[in-house]
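Protein chains: 2
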Amino acid sequence: MTTPDNAAEVSAEPTGVAAQDWATASVDPHYRAAVVDLLGALAYGELAAFERLAEDAKLAPTLADKAELAKMASAEFHHFEQIRDRLTGIGVGPTEAMEPFVAAYDSFHKQTAPSDWLEGLVKAYVGDSIASDFYREVAARLDVDTRALVLAVLDDTGHASFAVEKVRAAIDADPRVGGRLALWARRLMGEALSQSQRVVAERDALSTMLVGGVADGFDLAEVGRMFSRITEAHTKRMAALGLAA
Amino acid sequence: MTTPDNAAEVSAEPTGVAAQDWATASVDPHYRAAVVDLLGALAYGELAAFERLAEDAKLAPTLADKAELAKMASAEFHHFEQIRDRLTGIGVGPTEAMEPFVAAYDSFHKQTAPSDWLEGLVKAYVGDSIASDFYREVAARLDVDTRALVLAVLDDTGHASFAVEKVRAAIDADPRVGGRLALWARRLMGEALSQSQRVVAERDALSTMLVGGVADGFDLAEVGRMFSRITEAHTKRMAALGLAA
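Top to bottom, those sequences are chains S and A. Note that the numbering used here has the first sequence beginning at 1316, numbered continuously upward. Note that the numbering used here has the second sequence beginning at 1316, numbered continuously upward.
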């Protein structure tokens, strides 16, 4: 049936790069370089997330919790594999593509090593949610093939519901835990923003795409609005978790 | 075609428990308890191996090496899942089944934390090979269903060829490395034997199965021969790697 909703969808149909496939869109060397950067950043992010979750599994209070974290880590690794295979498929060395983003991710994880199980869970939840929000925003501006890949690897690995349930139970049992974790979540967001700025400052192709030089409909004001939306979504998630963000 | 070889195979055909399926064999409560122990030990071994490999991935000199270790870790996790699902399927809580073996594995890994990338590779290779030799020996004496599961999760996760190649190259580049790693491999074997003895001493059902009380064809002398075969295979592998064991 044709409804007003459908009409609205039609008017919002992708145009420009977002309506093209990779073969067409990647003819533009700037677009191609931006996507390679994006996939490199995403790939190393997944590999670093694998390591972080495997490390946090050690803090698990029970074997079942440990297995749950190991499962998430393994899911992140399979996401990494998909992106690595795409990079190889378009003739790019995965190591070369990831290299520029290693320092930012490693610094982030070094600055935010959780000191206990709950901090680890909040980090997995916050980190995943922010990354997912960011890549979903960017995905809308990508060519059809790259968009499909990015959305596929952002598929929920089960972090959210597991972390939310455990953190809520801990706050219920001892409300003071909430204050400590709220501070922790703020620190995570601050560190994530500071590392993102570093990446944007260093990677021309990627930032040019973000500020409208290449992909459609993205100008500096829009990037500002995107960061506002991501921060707002973070605040709402923290409130839902019982934490003042 | 019928050949003398075939004739030999026929004469070695499984009898007793080894010819039965799980439903039949598990009617004997001692056999059932022994298999639960075995699967619990195997499950926690895979989970611990996941953690160890994820940890060792941090020592990797390149991103490609890191990804290779992460892949092995992920494969171990999927093996863990298969065994955990089997335990659940036969009405046993995975945590309860694994619990008795946590201390032995954790002590082993704590006593043998690799100090660099090469020690980590040698450990992955030696540990996996010994565990694989042991479980294959035991598998031959298990019921058809349990045997199939055990053999499936022992499937090569790629440790061997990857580790062998990297360690050989390192010894070629600097022969002194061989002396240090040979000492390391001896320490690993010693620690593995000492933890195995601890498990055998503490777990009645498992050791009774090993010494012939339950499964077929396994008496104390045979267990001795099994340990000899495993040690011998280890010595040969170390020699092939360029290490005097």
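For the record, the hints were derived by calculation from the structure and aren't laboratory data. Do not take every clue at face value.
[Stated by the list, open to error] BS3-like mimics (lysine-lysine), calculated; alpha carbons at most 27 Å apart, straight line: (1) A:Lys1551 x S:Lys1386; (2) S:Lys1373 x S:Lys1481; (3) S:Lys1386 x A:Lys1373; (4) A:Lys1386 x S:Lys1425; (5) S:Lys1373 x A:Lys1551; (6) S:Lys1481 x S:Lys1425; (7) A:Lys1386 x S:Lys1386; (8) S:Lys1425 x A:Lys1425; (9) S:Lys1551 x A:Lys1481; (10) S:Lys1425 x S:Lys1373; (11) A:Lys1481 x A:Lys1386; (12) S:Lys1481 x S:Lys1551; (13) S:Lys1373 x A:Lys1425; (14) A:Lys1551 x A:Lys1481; (15) A:Lys1373 x S:Lys1425; (16) S:Lys1386 x S:Lys1481; (17) A:Lys1373 x A:Lys1481; (18) S:Lys1373 x S:Lys1386.
[As the list claims (entries may be wrong)] One side only, chain S facing chain A, incomplete, derived with CB under 7 Å: (19) Phe1365; (20) Ala1369; (21) Ala1379; (22) Ala1385; (23) Ser1389; (24) Leu1464; (25) Phe1477.
Quick caveat, the model's predicted, so the values are computed rather than measured. Just so you know, even glycine gets a beta-carbon here, dropped at the ideal spot from N, CA and C.
Q: Any hints from earlier that this structure breaks? Give me their numbers in increasing order, please.
A: 1, 5, 9, 24 and 25
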